[in-house]
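Chains as they are written, first to last, in our numbering: chain A, 884 to 1213; chain B, 884 to 1213; chain C, 57 to 399; chain D, 57 to 399.
Honestly, the hints are just simulated from the structure, not real lab data.
The beta-carbon is built from N, C-alpha and C at its ideal position, and this holds for glycine as well.
It cannot be assumed that every hint is accurate.
Distance windows between CB atoms, simulated [stated by the list, open to error]:
1) B/S1090 / A/R1188: 58 to 64 angstroms
2) B/Q1197 / D/E318: 52 to 58 angstroms
3) B/S1090 / D/D86: 41 to 47 angstroms
4) D/K68 / B/G1153: 37 to 43 angstroms
5) D/L398 / C/K68: 51 to 57 angstroms
6) A/K1029 / B/K1001: 55 to 61 angstroms
7) B/K1001 / D/Q380: 29 to 35 angstroms
8) A/P920 / C/E274: 48 to 54 angstroms
9) B/S1090 / A/G1121: 23 to 29 angstroms
10) D/D86 / A/A1000: 16 to 22 angstroms
11) D/E318 / A/R1188: 51 to 57 angstroms
12) C/E265 / B/A1116: 46 to 52 angstroms
13) D/G114 / B/K1148: 18 to 24 angstroms
14) A/K1029 / B/R1162: 39 to 45 angstroms
As a list, the in silico DSS-like pairs of lysine-lysine whose alpha-carbon atoms are at most 30 angstroms apart [stated by the list, open to error]:
15) B/K1001 / C/K175
16) C/K268 / C/K251
17) D/K359 / C/K326
18) A/K1029 / D/K175
19) C/K359 / C/K326
20) A/K926 / A/K1151
21) A/K1001 / D/K173
22) A/K1025 / D/K173
23) B/K1001 / B/K1025
24) C/K173 / B/K1029
25) B/K1025 / C/K173
26) B/K1025 / C/K175
27) C/K173 / B/K926
28) D/K326 / D/K359
29) A/K1001 / D/K175
30) D/K388 / D/K251
31) C/K359 / C/K268
32) B/K1155 / B/K918
33) C/K68 / C/K251
34) D/K359 / C/K359
35) C/K173 / C/K359
36) A/K1025 / A/K1001
37) C/K359 / D/K326
38) A/K1029 / D/K173
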Amino acid sequence: MNHTPTTEQRLWMYRHMVLSRYLEERIESLYMEGKTPVFNMAKGPIPGEMHLSNGQEPCAVGVCVHLTPEDIVTATHRPHHIAVAKGVDLDAMVAEIFGKATGLAGGRGGHMHLFDAKVNFSCSGIIGEGLGPAVGAALSRKLQGKPGVAVAFMGEGAANQGAFHEALNLAAVWQLPVVFVIEDNAWGISVAKQASTAVPRNDRRASAYGMPGVHVADNDVEAIFSAAGDAIARAREGQGPTLIEIETARLAGHFMGDGEDYRPKGEKEGLKQRDPIPRYRRQLLDAELLDDISDTDLVEQAHARIEAAIRFAQDSEFLPPEAALEMVFV
Amino acid sequence: MNHTPTTEQRLWMYRHMVLSRYLEERIESLYMEGKTPVFNMAKGPIPGEMHLSNGQEPCAVGVCVHLTPEDIVTATHRPHHIAVAKGVDLDAMVAEIFGKATGLAGGRGGHMHLFDAKVNFSCSGIIGEGLGPAVGAALSRKLQGKPGVAVAFMGEGAANQGAFHEALNLAAVWQLPVVFVIEDNAWGISVAKQASTAVPRNDRRASAYGMPGVHVADNDVEAIFSAAGDAIARAREGQGPTLIEIETARLAGHFMGDGEDYRPKGEKEGLKQRDPIPRYRRQLLDAELLDDISDTDLVEQAHARIEAAIRFAQDSEFLPPEAALEMVFV
Amino acid sequence: MSMTTTGAGTRKLTIARAMAEATAQEMRNDPRVFVMGEDVGPLGGVFGNTRGLYDEFGAERVRDTPISETAFIGAAVGAASDGMRPIVELMFVDFFGVCMDAIYNLMAKNIYFSGGKVKVPMVLMTSTGGGYSDAGQHSQCLYGTFAHLPGMKVVAPSNAYDAKGLMTAAIRDDNPVVFMYHKSLQGMGWLGTEKGATVPVPEESYALEIGKATVVREGHDVTLVSLAAGVHHCLRAAQALEDEGFSAEVVDLRSLVPLDRETIRASVAKTGRLIVVDEDYHSYGVSGEIIASVVEHDHACLKAAPRRVAYPDIPIPFAPTMEQWALPNADKIVDAFHQMMLS
Amino acid sequence: MSMTTTGAGTRKLTIARAMAEATAQEMRNDPRVFVMGEDVGPLGGVFGNTRGLYDEFGAERVRDTPISETAFIGAAVGAASDGMRPIVELMFVDFFGVCMDAIYNLMAKNIYFSGGKVKVPMVLMTSTGGGYSDAGQHSQCLYGTFAHLPGMKVVAPSNAYDAKGLMTAAIRDDNPVVFMYHKSLQGMGWLGTEKGATVPVPEESYALEIGKATVVREGHDVTLVSLAAGVHHCLRAAQALEDEGFSAEVVDLRSLVPLDRETIRASVAKTGRLIVVDEDYHSYGVSGEIIASVVEHDHACLKAAPRRVAYPDIPIPFAPTMEQWALPNADKIVDAFHQMMLS
Ligand SMILES: Cc1ncc(C[n+]2csc(CCOP(=O)(O)OP(=O)(O)O)c2C)c(N)n1
Ligand SMILES: Cc1ncc(C[n+]2csc(CCOP(=O)(O)OP(=O)(O)O)c2C)c(N)n1
Ligand SMILES: [Mg+2]
Ligand SMILES: [Mg+2]
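Can you build the whole structure from these sequences, using the hints too?
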C-alpha cells in the first residue's frame, strides 16, 4: 500500500491540475469567440460540443500519477483533464481541438476523440464505450506478457449503461489488470444521480463482479491518490480489476451553452467554494511544500505551456478538405 | 409471507410440470421426424432450432403458480415450460411450433417467438431481450393504476448481458413491480457458468440495484414457490423488484442436435437422477397428496391434453405463403 | 420557395415546438401517451422537442431515464404492448448501436411475431445530422440504416408543419414509428437554424398520412429528391437553377418507410433527370434505393445518368473545413445538374 | 459451373474448415492472432469455423466469452489497438443490435479518429442467412446494414476457396474486416449444405485481395450479381437459362466494402441486362446499391429495366412454407429474366 504521495508526486499532481484548469479556462474563452452575441455551436475557432472538466482534475491526477506512458487510459466525452494527466502531447491535443492538420488526428477527431498512441490514450463520445477497449488492452498485455495496466474512466451516469456491466464482469472473469474509475459529479447532463442510479454509491456494484470497490469522498486529491495507488498496484501484481468511485464536482455546465436551470439553487456556488485546486494549493502551502513564489512560478509555467500550445494550434493550418477522405482505412 | 403451498397449488405445480415434460418429450420425438438418419435442422414437421426445457420445470411452475393471466411474463429462447405454466393456449402454441395457420402467430414466430396476449406471455430468441419489456409492462401497470406484476425469466448466461444491468437498475430506480428470475442451469450453450460469470451466484448482483436477491438451491419446487411468492407479493404491494436465482438443470442439450461433448462425464446422468419430476412426485406421494391412481390419472390427462394439442396442430393447415407479407404492420 | 402547407395559419413554429405541441395535444387527449428518455423532463430535451411537457404533465408521464437505452426502449416496447403509447427518445441517432436490438429485433418485430395480435404503438424520436462540428459519433443521419430494416415506419420531416402532422400521426399509429428530426432544422439557436424549417403551423391538432412524399416545388428539367435538411439544399439549388433558366422539381420524401415510390417516379417521368440528395452515407443507403426504384420501374425514363449528392463513405470529420466539404449543399446539387447536362 | 479457383488442389474443404484452417495457419505464424467469442473454444464454434483451434492453441488464445458482445467486441478493439490481431465472433449477425456501438462507432472509426495512427487489425466473423426455419431473429443477412456504415471492410464468400483466401487476408489486414459467412454454405450437416460451396482448397496459406469481385460464370445475355448463398442460386439459374438457350454471366461480389463496381459495370456493359440477387432485405440495401452503381455510371447500358430478387421487407417468418416462399432462389431468377425479356 502506497498511501502517501511523495513531495514530487504532490507537486506533479498540483501542477497537472493547474495545467488542466488553465487549459480549460483558455478553451472556454476561445470557444466563445465567434459565438457571441448569439450562441451557435457551429461558429468560432472551436466549433461543436465542448465538455469542460473543471472541478474534476483530482480524479485525473490522482489516478494518472501512478501510470507510465505504457499504461492504457480510455477516457470519456469529458477528456481534457485526463489527457493532460496522462501526458498527451499538449500541442497536438490543442491543435486537434482546433481541428488543425497538426492535431492528433489532423482534425478528424476533435475534442471528444483524442487519440495519442504514444501514451496509450484514447477517448470517445459514447457513454461507456471506453470500457471494453480498456479490458481488451489489458488482455493484450496479459497475452503478450507485457507490463501495463488499463484504466477506464467514466461518469457516474455511465455506470447504468450495459457496457459497464459487461466490461466489469469480463475483466473480473479473466482477472485482468484494469481499473475502472467513476467520476461521480452527481449529474448526467440534467439528470441527477439519484434519479438514474438505484444505489447511492456505485462502488457497491463491485461486489456484483467479485472485485474490490472503493469509494473516495469529497474530491480529495490524496485520497484518490491512495485508492488509485492500491488498485493499480493490485492490477500490476496480477490481482485483477478494481472499481473506484470518486465524488467529484462539475463546476461548469454539461457542455458549454448549458443553461443549467436544473441545478438546485446555490449548488454551483457551493461547489465552487470547494474548488479542488485552491483547496490543494492551500494544503500544499500549509504543508510547506509550496510557497507563494514557487506557486506563482508553477502557475506561470503552466500558463506559458498552454499559451504555447494554443499558439501552436492557432498557427497551424487546416488539412486540405479532401483529406477527409483519407485515414478511413490504413 | 407465503411459504407453504396449498394442496391445490402443489398439485397444480406437479400437473404443470408433467404437462410441460410430456409436451417436450413429444416435441422431441416429432422434431426428429424427417431428421434421421442425417440430422438436418431444416427438415421434418418441426424445423429450426429447438431448445427443450426438460429439467427446468420447477422454475416455471414455482413462479407462475402465483400469477394470474393479467400478470406479464417474458421468457427466453427456452420457453415451453414457462408458457405451459403461464397458461398459454396449448393448441395454438403447439400449432405455432409446427408453423401452422392456427398457431399463435399463424406460424410467423415459431418456437422462439411465442406470443399469447390473452395471458400476457411473450418470449424471444435474443439473450436478455425480455427484460426491458417486463420493466415496461410493469411501468404500464403503474401508470394505468392497474394491478399486475411482470416476471422476466432468463438463463444464468443472460446475467452477463448489458440488458440485465440496465433493466434491473431501471426497475429499481422506478420501484416497479417486476420479478427477475434466473434459471441457472450452469451452462450457456457450451460455456460453464464459472467461465462466464465473475460471481458464483447471481442473486448477489441484486445488491448492485438495492433490491433483494434470493437464491434457491437444488431445483426445489417448493423453495422456488416460497421465494417467488415472497417476491411477487412484494411487487404487488408496491415494494419494488426482486432478483431470484434458481439452481436448475438442463437435462437435454442446449438445442436438439447438440453433441454435448463439453459436459463433464457423468454430469448428465447425475442430473437425470435428480430429475425434479420424479422427485416431486415422490414428495407428493410421501405427503399422501397423491397416490398411484391419482398420479396415473393426472399423467394420463396430461398426455391426453398434449396429444389433443398435437393433433390440432398436425391437422391444421399452413397459411398461404403470401401471408408472410401480412402483419408487418397492423 | 413554395412549401405546401395546406391549412396552415400564420403562427410560425420551429420543428422542436411543433413536435412538443403535437405531443402535448395527444397527451391531453389520451392518457396512454407518455414520454421517456434522457433529459426529456425538466430540461425539455436537449433539442427542445419535449419543452413544456414536464411542467404540464409531471414526472410520471414525462420521465427522465438513466443512460440505459436498451432498458428504456425495451421498456417502451413492453409498455406499448400493454396498452400504453410511449414516445421514447434516443438523443442522437448515432447512439443506436447501444440499443439497436431493442429497436429492430423487438420493437420492429413483435407485431409480426405475434401475428398482429400484439400492437406496438410507440414513437422513437431521434436526432440526426451534422454540420456543426460535432464529429463522427454525433453527426450522422443513418436514414438508410433504419429504413433498411423492416417493421418500423420511418419519417423525417423538413419543416414544422410536416413535423407536427407526422408526430401526431406517429403517436396515433398502432405501429412503431421512428421519428428522425434533423438538428439543423430544430430551430434551436445554438445549433444554427435553417430558416425554411420554421413555417406556419395550425394550432389545432392534425395528422399527416405517413408514407406520402410531397412535391414542394414543381419543375420540369430535373427532379431533386431529398428529405429533412436536404430538402432545403434542394430548394436553394432549385432557386439557383431557376436563375440560370432551368426548372427543378423538388420532392420531399418525408417518409422513408413506407416509401412513396409513385411520387418519385411520376416526377422523374416528367423531368427525365434525377438527383438524389442525402446527408446519410453514400453507399447502400437512401440514394441507391431511390435511383434503383426509378430505373427498375422504367429504365428508359432518364435522359441522363442519375446522380447522388450524398455523404461520402467516411466517418464524419470534426474540422469544419473537412465536414463542410463533405456535406451535401446547394452548390453540389447545381454542379451535379451541370455535369448531367454536359454528359 | 466454373468456379475460378486458381491454384486449387484436389482436397475439398467446407467453408467452416477453410476458415479454421486459415485461422490456424495465421495463428501458427503470428503470435498476435487470437480468437474470442461465444462457444469458439472446446465446442469449436456453433458453425464449426473454429474447430480444432482450442486443441492446438489452448484456452489463452482461443477464448470462450460470456454472453457480453459489447464487452468482448470492445475488448477486441482495445486489443487490436494495442498490437494484437483478434478474431472475434458474433454468433449470428442478427445479434448485432446488442453490440453495434462497439462495431461501428468504435471498431470502424478509431482509425479515422486517430488520423491513422491507431490500427485496428481485427476480424469480426459472423454467420448470416436463413432457409432452415430459424425465424426472424436468427436468419437475417444484414449485408446492407454493415456495408452502409463506413470504416469496416465487409466480405462474404460463396465457397471455401474464397473463404480461406479472404480469411487469411482479413487477418492480415490492418483494418477491421467483417467476415460474413452464410450458414447454408458452412458445410455443417445439420444446416444442410450447399454442395457448390465445398470446393478444392490448397493446403498452403494464401490471401485473396479484399475488394475484388469475380466472374464465376461467363455469359452475354444477362448479368446476375450476388454474393454468398445467392451466387449458388445464380449458378443454378444460369444453368437453367442455358438449357433455354440463354447465356447468363454470374458475378460473385465476394466483398461489399470495398465494392468492385468496375467488374459489375463491365459485365453489364457486355450483357445489357442486370438482375441482383440478395438474401438481405429488399429496400435500402445491396440490391439498390448495385443497380444505382450501374445506372449512375451509364444510364443507357441497359436493354431492360434491372431487377432484384431480394428478401421482401418483412421479418423472416418461421413456417417453412412462408420462409421458402420469401427467399431468393433459382426459379425466381429465371422468372425475373423471363419477365425482363417480355417487357
Ligand atoms: C450511449 C449514450 N447515450 C447518451 C449519450 C448522451 N450523453 C452524453 S454525456 C451524457 C451524460 C453523461 O453523464 P456521466 O456519465 O455522469 O458523465 P458526465 O457528463 O457527468 O461527465 C449523456 C447522456 C451518449 N453520449 N452516449
Ligand atoms: C445477444 C445474444 N447473444 C448470443 C445468443 C446465442 N445464444 C442463444 S442461447 C445462448 C446461451 C444462453 O445461456 P443461458 O442464458 O444460460 O440460457 P440457457 O440456454 O442455458 O437456457 C446463447 C449464447 C443470443 N441468442 N443472443
Ligand atoms: Mg456525471
Ligand atoms: Mg444457462
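Cross-check of the supplied hints:
1. B/S1090 / A/R1188: 58 to 64 angstroms: With a Cβ separation near 46 angstroms, B/S1090 and A/R1188 fall outside 58 to 64 angstroms, so the hint is violated.
2. B/Q1197 / D/E318: 52 to 58 angstroms: 54 angstroms, holds
3. B/S1090 / D/D86: 41 to 47 angstroms: With a Cβ separation near 44 angstroms, B/S1090 and D/D86 satisfy 41 to 47 angstroms, so the hint holds.
4. D/K68 / B/G1153: 37 to 43 angstroms: 42 angstroms, holds
5. D/L398 / C/K68: 51 to 57 angstroms: Between D/L398 and C/K68, where Cβ atoms are some 53 angstroms apart, the hint holds.
6. A/K1029 / B/K1001: 55 to 61 angstroms: 60 angstroms, holds
7. B/K1001 / D/Q380: 29 to 35 angstroms: This hint holds: roughly 30 angstroms between Cβ atoms.
8. A/P920 / C/E274: 48 to 54 angstroms: The hint (48 to 54 angstroms, Cβ to Cβ) is violated, given that A/P920 and C/E274 are roughly 40 angstroms apart.
9. B/S1090 / A/G1121: 23 to 29 angstroms: Since B/S1090 and A/G1121 have Cβ atoms about 27 angstroms apart, the given range 23 to 29 angstroms holds.
10. D/D86 / A/A1000: 16 to 22 angstroms: 20 angstroms, holds
11. D/E318 / A/R1188: 51 to 57 angstroms: For D/E318 and A/R1188 the Cβ distance comes to about 52 angstroms; the hint holds.
12. C/E265 / B/A1116: 46 to 52 angstroms: Holds: the Cβ-Cβ distance is about 48 angstroms, inside 46 to 52 angstroms.
13. D/G114 / B/K1148: 18 to 24 angstroms: 21 angstroms, holds
14. A/K1029 / B/R1162: 39 to 45 angstroms: Violated: the Cβ-Cβ distance is about 53 angstroms, outside 39 to 45 angstroms.
15. B/K1001 / C/K175: Status holds; Cα separation ~13 angstroms.
16. C/K268 / C/K251: Holds, at roughly 23 angstroms.
17. D/K359 / C/K326: 21 angstroms, holds
18. A/K1029 / D/K175: 19 angstroms, holds
19. C/K359 / C/K326: Judged against 30 angstroms, a Cα distance of about 11 angstroms means the pair holds.
20. A/K926 / A/K1151: 27 angstroms, holds
21. A/K1001 / D/K173: Cα-Cα ~9 angstroms, so holds.
22. A/K1025 / D/K173: 23 angstroms, holds
23. B/K1001 / B/K1025: 20 angstroms, holds
24. C/K173 / B/K1029: 21 angstroms, holds
25. B/K1025 / C/K173: Cα-Cα ~23 angstroms, so holds.
26. B/K1025 / C/K175: With a Cα-Cα distance of about 19 angstroms, the restraint between B/K1025 and C/K175 holds, given a limit of 30 angstroms.
27. C/K173 / B/K926: 28 angstroms, holds
28. D/K326 / D/K359: Measuring from Cα to Cα gives roughly 11 angstroms; hence the hint holds.
29. A/K1001 / D/K175: 13 angstroms, holds
30. D/K388 / D/K251: 20 angstroms, holds
31. C/K359 / C/K268: 26 angstroms, holds
32. B/K1155 / B/K918: Satisfied, since the Cα-Cα distance of roughly 25 angstroms is no more than 30 angstroms.
33. C/K68 / C/K251: Given that 30 angstroms is the threshold and the Cα spacing comes to 11 angstroms, the pair holds.
34. D/K359 / C/K359: Roughly 15 angstroms separates the two Cα atoms, so the pair holds.
35. C/K173 / C/K359: 48 angstroms, violated
36. A/K1025 / A/K1001: 20 angstroms, holds
37. C/K359 / D/K326: 21 angstroms, holds
38. A/K1029 / D/K173: 21 angstroms, holds
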